[in-house]
Amino acid sequence: MSAAYNEYLVPGKRGFHIDESALMCKNGCDFYGNPVWQGYCSKCWRDHSQKAKQAQQLQHHHQVSPVQPGVSGSPHAFAKFEEKKRQQVDKRSKSMRSIFKKAQGSIKADQASHPTAHWNQQKQPSFESQQVKRDFDDFLKSLRKPAAADVFKQIHAFVEKVQQSEDMPIEDLSEMVQDFYQSMAERLQTHTAFKGFSEEQAEQLLGFIEKYLTTRLYKLLFCPLTTDDEEKDLRVQNRIRSLNWITTTQLDAEVDDRDPVIREKIDQAITDIIKMDSKRAPQDKLACTVRCSKQIFEILKASRGQPASADEFLPALIYIVLKANPPLLHSNMSYVMRFGDPSKLMKGEAGYYFTNLCCAVSFIENINAESLSLTQEEFGRYMSGEAVPPGGYGSNGSTCEGLRLMYQNLNALAELCKRQETLMENTLTLQQEMRGFKEAMLQEIDGVIARTPCTIRERVKANIDEEDSEVDNLPPPLLPTPASV
Amino acid sequence: MSSSRVDLKVVLLGKEYGGKTSLVERYLHDRFNADLPYQNTIGAAYGARRVKVGEHTVTMGIWDTAGSERYEAMSRIYYRGAKAAIVCYDLTDSSSFDRAKFWVNELRQHEEKCKIYLCGTKQDLVDGDLKKHRSVDYYNTTDFADEINARVFETSSKTGNNVRELFYKVAEDFCNDPTNFQKQDDSTLHIYDEPQGKSCMC
Chain A
1 MSAAYNEYLV
11 PGKRGFHIDE
21 SALMCKNGCD
31 FYGNPVWQGY
41 CSKCWRDHSQ
51 KAKQAQQLQH
61 HHQVSPVQPG
71 VSGSPHAFAK
81 FEEKKRQQVD
91 KRSKSMRSIF
101 KKAQGSIKAD
111 QASHPTAHWN
121 QQKQPSFESQ
131 QVKRDFDDFL
141 KSLRKPAAAD
151 VFKQIHAFVE
161 KVQQSEDMPI
171 EDLSEMVQDF
181 YQSMAERLQT
191 HTAFKGFSEE
201 QAEQLLGFIE
211 KYLTTRLYKL
221 LFCPLTTDDE
231 EKDLRVQNRI
241 RSLNWITTTQ
251 LDAEVDDRDP
261 VIREKIDQAI
271 TDIIKMDSKR
281 APQDKLACTV
291 RCSKQIFEIL
301 KASRGQPASA
311 DEFLPALIYI
321 VLKANPPLLH
331 SNMSYVMRFG
341 DPSKLMKGEA
351 GYYFTNLCCA
361 VSFIENINAE
371 SLSLTQEEFG
381 RYMSGEAVPP
391 GGYGSNGSTC
401 EGLRLMYQNL
411 NALAELCKRQ
421 ETLMENTLTL
431 QQEMRGFKEA
441 MLQEIDGVIA
451 RTPCTIRERV
461 KANIDEEDSE
471 VDNLPPPLLP
481 TPASV
Chain B
1 MSSSRVDLKV
11 VLLGKEYGGK
21 TSLVERYLHD
31 RFNADLPYQN
41 TIGAAYGARR
51 VKVGEHTVTM
61 GIWDTAGSER
71 YEAMSRIYYR
81 GAKAAIVCYD
91 LTDSSSFDRA
101 KFWVNELRQH
111 EEKCKIYLCG
121 TKQDLVDGDL
131 KKHRSVDYYN
141 TTDFADEINA
151 RVFETSSKTG
161 NNVRELFYKV
171 AEDFCNDPTN
181 FQKQDDSTLH
191 IYDEPQGKSC
201 MC
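For the record, the sequence lines run as chains A and B. Letter by letter, the first sequence follows residues 1 to 485 in full-length UniProt numbering. Letter by letter, the second sequence follows residues 1 to 202 in full-length UniProt numbering.
The set of hints was computed from the structure by calculation and includes no laboratory data. Treat the hints with care, as some may be off.
Said to hold, decoys possible - Label-pair restraints from in silico Cβ distances: (1) A/HIS191 x B/PHE102: 43 to 51 Å; (2) B/PHE102 x A/GLN154: 44 to 52 Å; (3) B/ASN176 x A/GLU200: 24 to 32 Å; (4) A/GLN154 x B/THR159: 50 to 58 Å; (5) A/LYS294 x B/SER94: 35 to 43 Å; (6) A/LYS294 x B/ASN176: 33 to 41 Å.
No residue lacks a Cβ here, since even glycine has one placed at the ideal position from N, Cα and C.
Sequences are here, hints too, so could you generate the full structure?
What follows is the structure, encoded as structure tokens:
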């Protein structure tokens with residue numbers, strides 16, 4: 001075979017002639033193309049499809065934009081998300097994943113709905129894992145050696161076991177994890193390595209085990225592809241979005257959302273509930289719920305001038321959830337229920353607030369005209385965005401926002417003025433002090449000088465060559481005498 | 001209460017402003033704010049307290065619930081897994097007792113294992129000379145209680161009358177039920193077998 005002939009041969013497929021140029025990327029970038037990517041190489045295909053997608057999106061956007069503001073982009077985003085999910089499940093290949101990631105990065109913020117947050121976590125997988133590993137190791141070091149070794153062994157065997165059963169239905173995984181918690185709890189009580197552990201120590205250790213496991217296995221356990229969690233997340237999210245006209249009065253929530261101080265607390269509560277999605281361990285997610293709930297009690301206290309009870313708390317929580325629209329809410333809640341410590345979920349304080357959150361979400365899903373004391377017609381009009389309820393967040397939200405900012409700025413300015421004044425005052429005092437100090441210093445120096453006058457004695461010059469009377473007393477120098485041999 | 005381990009979940013059910021919160025407040029902190037007849041003073045809806053019954057010490061987690069009819073449909077989420085339910089009604093408000101019957105039915109249907117305690121509140125308002133204010137007849141309530149195998153406590157959060165007795169009874173019944181303690185001796189954790197995957201979202 002001549003070298004020239006060789007060039008026309010498709011590697012591996014003897015006898016099938018094809019021009020090499022047909023194999024190359026259509027873009028002419030010197031890489032091989034692939035029919036799957038319409039003759040582009042992987043890189044150019046990515047660019048190409050991305051551009052096409054953006055163009056399509058832009059067009060689509062123009063078409064849908066006149067529709068009601070509340071619901072616009074969402075069905076579209078949902079369809080796109082659906083498609084992505086399907087492909088993800090079909091291929092599960094690394095390259096496809098990376099394409100999605102790239103493509104998603106360019107999608108505008110409002111379009112890149114919450115699934116992005118989830119994929120992003122896959123991008124940098126191990127920061128949290130490393131962190132929790134360090135913490136866990138530190139904690140293990142504080143234990144006795146056999147105990148630490150045993151926990152370490154158990155937990156790693158279990159992590160491996162879960163990683164191998166990746167495709168199990170989530171209910172089975174949940175059961176597996178819960179069984180593991182229980183077996184560890186029993187082990188702490190019966191195994192000799194843990195003899196003498198106090199109840200608190202055991203509880204702490206179990207907490208760490210939960211944290212370590214769930215953080216390490218988060219990708220597997222959170223919002224798994226085998227469930228319709230993502231779909232439900234989107235449904236909840238859209239539902240909340242379409243209900244953004246609901247006001248505190250309709251909910252009977254005694255929250256004064258115009259007062260800037262309370263407004264700040266509301267923002268804090270919203271931040272807390274949103275933070276839930278950024279935590280990995282169920283206990284941390286629960287802690288976010290508890291923080292948010294406590295903040296709500298603060299809000300109620302400030303709004304009503306008196307402390308609140310469960311009757312006031314639930315409406316306020318519903319209001320906060322509606323305003324926050326926490327990302328991946330359904331997934332987060334299912335995850336906590338599947339992998340959290342059930343005894344805490346069922347009975348403890350965190351469980352109480354979490355139950356309230358479940359209640360709030362359930363209420364939001366089933367909200368209707370009756371539950372808001374509205375007529376069917378009114379409700380329909382608000383839902384469709386045709387009308388906005390008086391005093392609603394939507395109607396004067398912008399002015400409120402502006403005013404709020406202004407008041408905030410005024411407050412900040414007043415604060416600055418005050419600080420400036422104190423600064424000036426302090427400067428003047430400092431100046432005076434310095435002057436005083438200088439004078440006192442000078443006085444003191446003068447005093448010292450007066451007390452101990454400085455007299456410099458004449459220096460006596462010594463001349464060793466000078467003839468001296470003492471020299472006369474010296475014996476005459478020795479004279480050399482020749483020695484007789 | 002700092003202890004994070006809770007043995008016994010007690011849920012409070014009853015009409016809005018029926019005195020649930022004051023009852024908890026009185027029990028947990030032994031105080032009552034007369035200026036705010038139906039508001040508590042710390043602003044919390046959850047409380048825990050340790051109770052010693054004989055040789056056992058149990059920690060009760062007390063769950064207050066929103067009493068508005070609006071949230072009726074979700075009440076099941078609250079009393080899931082509760083060992084005891086205190087159904088409150090206002091002795092001066094007959095409609096609150098009708099609502100109490102509603103809760104009892106709900107509980108009987110969905111949470112059979114949950115023990116029920118009927119609790120008439122604001123007893124100080126119908127005491128002695130004030131009998132004419134009473135709207136819920138005592139014998140009606142006891143008849144109803146016999147029917148559903150429950151106990152009746154008429155309490156006053158203002159004077160503290162019967163409050164401690166009510167909660168002590170709850171703890172005592174819990175401790176006297178040997179099935180509760182088998183679990184306790186097994187492990188510190190209670191793992192419930194029931195699937196709890198999506199129960200709240202459906």
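How the hints compare with the structure:
For the pair A/HIS191 and B/PHE102, the supplied restraint of 43 to 51 Å holds, since their beta-carbon distance comes to about 49 Å. At about 49 Å, the beta-carbon gap between B/PHE102 and A/GLN154 stays in the expected band of 44 to 52 Å. Here the CB-CB span from B/ASN176 to A/GLU200 is close to 28 Å, well matched to the stated 24 to 32 Å. The hinted window of 50 to 58 Å between A/GLN154 and B/THR159 holds, with their beta carbons roughly 55 Å apart.
For the hinted restraint 35 to 43 Å between A/LYS294 and B/SER94, the CB-CB distance of approximately 37 Å keeps it satisfied. As the Cβ distance of A/LYS294 to B/ASN176 is approximately 36 Å, the hint placing it in 33 to 41 Å holds.
Comparing the model with each numbered hint stated earlier shows that all of them hold.
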